[in-house]
Amino acid sequence: MNPAPSIVFFTTASGAGYGLLFWLGLLRPLGLVPGSQGFGLTALGLALVLITAGLLSSTAHLGNPQRAWRAVSQWRSSWLSREGVAALGTYVPAVLFGLGLLADLPGLTAAMGLLAAAGAVATVYCTGMIYASLKPIKEWRHPLVVPGYLLLGAFSGAALLAMLGGFWGDGAVPAVLALLAGIAALVVKNAYWGAIDQAPPVATAESATSLGFIGKVRPLEPPHTETNYLLREMGFRIARKHAEKLRLLALAAGFGAPAALCAFALLVGGGMGAAALTLGAVLALGGLLVERWLMFAEATHTVTLYYHGS
Amino acid sequence: MTCLPAPGAKKLGLVIDLDTCVGCQACATNCKEWNTSGHSAPLPDFKPYAAGQEGVWFNRVHSFEAGEGEAGRTVHFPRSCLHCETPDCVTVCPTGASYKRAEDGIVLVNHDTCIGCGLCAWACPYGAREMDDDQGVMKKCTLCIDRIYNENIPEAQRQPACVLTCPTKARHFGDLGDPDSAVSRLVAERGGQPLMPELGYNPVNRYLPPRKKALPPNAPVEDAPTPMDIRNPLLRWMDRVLSR
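Protein chains in written order, with full-length UniProt numbering: chain A, 1 to 310; chain B, 1 to 244.
These are computed hints drawn from the structure, not numbers from a lab. There's no promise every hint is true.
[Stated by the list, open to error] So the derived list for chain B, only partly shown, Cβ under 7 Å to chain A, looks like this:
#, residue
1, GLU65
2, ALA66
3, CYS93
4, ILE115
5, GLY191
6, GLN193
7, LEU199
8, LEU235
[Said to hold, decoys possible] List time: in silico DMTMM-like cross-link candidates among lysine to aspartate or glutamate, alpha-carbon distance up to 20 Å:
#, chain 1, residue 1, chain 2, residue 2
9, B, LYS10, B, ASP104
10, A, LYS216, B, ASP19
11, A, LYS138, B, ASP104
12, B, LYS32, A, GLU206
13, B, LYS10, B, GLU198
14, B, LYS213, A, GLU226
Ideal Cβ positions, reconstructed from N, Cα and C, are used throughout, including at glycine.
So here's chain A without its partners, still in its complex pose:
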């Protein structure tokens, strides 16, 4: 599948933004992050900027962005529509959460923080389900896709919250969470990549053409000599060796290194710790961009059976 930059950026930025909103809404009422108004508003502001930038970027790949409002209408059947409803709905408790912080109303802040956290989970779950519900793409149908989206959102959000916590002198709890989520991300993505390499195809050139009764089917002449929308969008292929290197890069630099930096920050604390947490957050977001690019580039669509035979 074609890794459109707008969608790669959208799922990375919004995922991190919802992760940050989730942890802030959950940990602040529990008193596990700095309680100052400045910290709360900064973290919430960063979360909303990431979420909004991602959502706006996602409309960039639409053929008719001015009609995007129509996309909230079909929540009964469409995961994309449900994602839109959840994303817009989450703004309500998130904004009230911010008002609670501004007006210093602990009750409202706690209630809205928890609601915003729930909305963040729902939105990222819907994002994962958009991909997991597509039957023609075996790499996206996999049961680890939705947990992967949730886990990576939680990981990048915790890394960002730990960074901000470091600036305010106490990023310990989010740093522990980022450390654990980073290790979990490493394990889950590694298992996912291993699984999709082994997964049998969802269909074959034989079943796609109904000609299997004759024998092995292979393309002889394509219907057109130039490219087309199907080949650009669904026929995107990258060299296997790049995929291997990029997987390693995402695992080591994107998940492993931030986890190690969080552990380092927990040990040293102070200014050095804050610097380590900042570097960790930047690496986590960079690693996620690589992981998301692979998520698309490695995905294979059954329409390529007609063109490539595999």
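Dock chain B against chain A, hints included.
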């Protein structure tokens, strides 16, 4: 509304005969010709007279090789929307632009509400949907909805453009929900097949398999020459004399 309607009795679709299709591309060409000014008009072409030309087509004719050696076949294979009974391209649509008609099962796109997100094309295993990058909306086979119900053209022509134009009559149009229709009988007789049934989209269109190849006939026996094969009268006389 992108929820699927309750399954109707009528299932309009195509039956394509892979035995007689010669891969001439007439169906694809006439499809483009009709539909570029029909329900989904226009079907854009980019750089039509230069290198890198591409455009929107509802029908693409592939050619495949199947099997090995003597048993192997070259099969021409037209690919278009199969008007599935349970099409995910409809249910994934976030705006309701993609829909399946309850009355005849035809899958269509409302180009006034499509946002061009492309998710329906991802959800279609058969590559039946192509983006019109000019209008920013998705386009697909309409089963020539503007022909089959069109009272302004003679009744005999109220068929999809691809079916009418096929020079080998490899394409048939009709109601596959009616077991007594001509297309249903054809499917029953010839063992018509669905494509990628394992994905569960329940396509309506059927493909008739190539017939079994006839066994190679015995090597021709050379006839012994008769006296009448000898044209020259002198040689014919000699042959008669020497044959005694």
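Find the hints from earlier in the document that the structure breaks and name them by number, from lowest to highest.
5, 8, 11, 12, 13, 14
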